[in-house]
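**Q** Work out the full structure, taking the sequences as your base and the hints as a guide.
Which chain is which? The protein sequence lines are D and Y, in order. So in my numbering, the last spot in the first sequence is 780, and the numbers never skip. So in my numbering, the last spot in the second sequence is 780, and the numbers never skip.
One thing to keep in mind: the hints can contain errors.
Pairs count within a copy or across copies, as identical chains cannot be separated in the list.
What the hints assert, rightly or not - Dumping the calculated DSS-like pairs for lysine-lysine here, alpha-carbon to alpha-carbon at most 30 angstroms:
{"hint": "1", "residue 1": "670", "residue 2": "776"}
{"hint": "2", "residue 1": "711", "residue 2": "635"}
{"hint": "3", "residue 1": "725", "residue 2": "763"}
{"hint": "4", "residue 1": "730", "residue 2": "776"}
Hints listed in this document are in silico derivations from the structure and should not be mistaken for laboratory results. The structure displayed is predicted, hence computed values, not measured ones.
2 protein chains.
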Amino acid sequence: MGVKERKEREQEKLRQKILDAASELFAREGYQNVSMRKIARRIEYSPTTIYLYFKDKADLLYQICEETFANLIKEIEKIETTFYEPIICLRKGMRAYIDFGLKYPNHYEVTFIAPLSDYLGEQHSYEGSSGQKAFEHIVQQVSESMKACQIKRGDVNTISQTLWAGIHGVTSLLIAHEDFPFVEKDELIDNTIDTLIKGLQH
Amino acid sequence: MGVKERKEREQEKLRQKILDAASELFAREGYQNVSMRKIARRIEYSPTTIYLYFKDKADLLYQICEETFANLIKEIEKIETTFYEPIICLRKGMRAYIDFGLKYPNHYEVTFIAPLSDYLGEQHSYEGSSGQKAFEHIVQQVSESMKACQIKRGDVNTISQTLWAGIHGVTSLLIAHEDFPFVEKDELIDNTIDTLIKGLQH
DNA sequence: TTTTACACTTAACACCGTTAAGTAAAAGAG
DNA sequence: CTCTTTTACTTAACGGTGTTAAGTGTAAAA
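**A** This is the structure we're talking about:
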């Protein structure tokens, strides 16, 4: 009696269909410029159907961002298994973070740039989010770089948060201030990473 | 025949009244959560009256932010006349920038964190804005620190933008991620400034 | 064959930014 | 003092938004 199973599969399929449509629209037009009705039109269902699968627009957004940033974490983990030197992992991880943000600017915007509390009520806290996991990788790499004497000693949390601030700074500036006359992008990114790392060395 | 003058004064008074009401509401509740109708109710005029004084909601916001950030520039200029060493000016200027952002988080958000293009159409570009002026002070201080051999030589623009990215990073993280378990605020800010400056030295 | 459960839709609510048309009072002209 | 014009503001409306309550038809279960 696989009726239940079939129904569940069909539900999951529609859920994913909503997720895909919304993700594409958010990515292309930005969260604020995509209405629930627009998503509904795209998948050829009524707007209210979406509410059978997601609590509200913010929840839909949150699920999408979790899905997206899970991929960043995979990339970082791949780096960690590929390179041996902790300081190299740290550098490459930072670079991966920035590149990822620039690759998905609208996703990056809603998860890291714009105040979550506005979008996500209080329901989805920082605990257990992809954001937390990504940050914990930084902490890990900082800790190991310190152990290997590749950066100077200090409070691991403070240093990790400083690095995060730095890479978040470039990423978000480049995303948000399109019309600013930035120097060549790669030069700015490299200089930021170099300056931060150098500032942490002996 | 001072009729025209009196009328102009009265208009300016109402304009400022709108500006003040909107500024306070934006600061307390955030741009997105304040409607034109709410501002109108506050000043006891009809919503459409606001459109006689400001092009649209984004324009109103822009004028407010210009007014606010003009004060940051004054602070920075005061620092420049108070301290002699360029590197000290640079440090204190960076600190002033961050403190200012944290003091007016909602103003900071709409001018520096959230993508301007969304709010400000294309009418108010970066050219001539308070944001530009503030940045040019950084450029100036970097340039002079370099001349005084207090930081290592390099492209002034690249370095200035790197510093901006750094201080914008802390500021915006602290504003946007209220629920993140940051280390003590001052420690994080100081560490960020120290790391950046150290990374720029010989 | 009838009843129940479910997946989805229609209609509506209370808001939003913004514009077009209207109004009443003040200013200017004779 | 009267008539016309200008000005400062308001009312009403348009087309949108996120979201919810109520309704509907079909498929599954009894």
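**Q** Taking the hints in turn, state whether each one holds.
**A** Hints and how they fare:
1. 670 - 776: both (15 angstroms within a copy, 21 angstroms between copies)
2. 711 - 635: within (24 angstroms within a copy, 38 angstroms between copies)
3. 725 - 763: Close across copies (26 angstroms), not inside one copy (32 angstroms); limit 30 angstroms.
4. 730 - 776: both (10 angstroms within a copy, 12 angstroms between copies)
Checked against the numbered hints given earlier, this structure breaks none of them.
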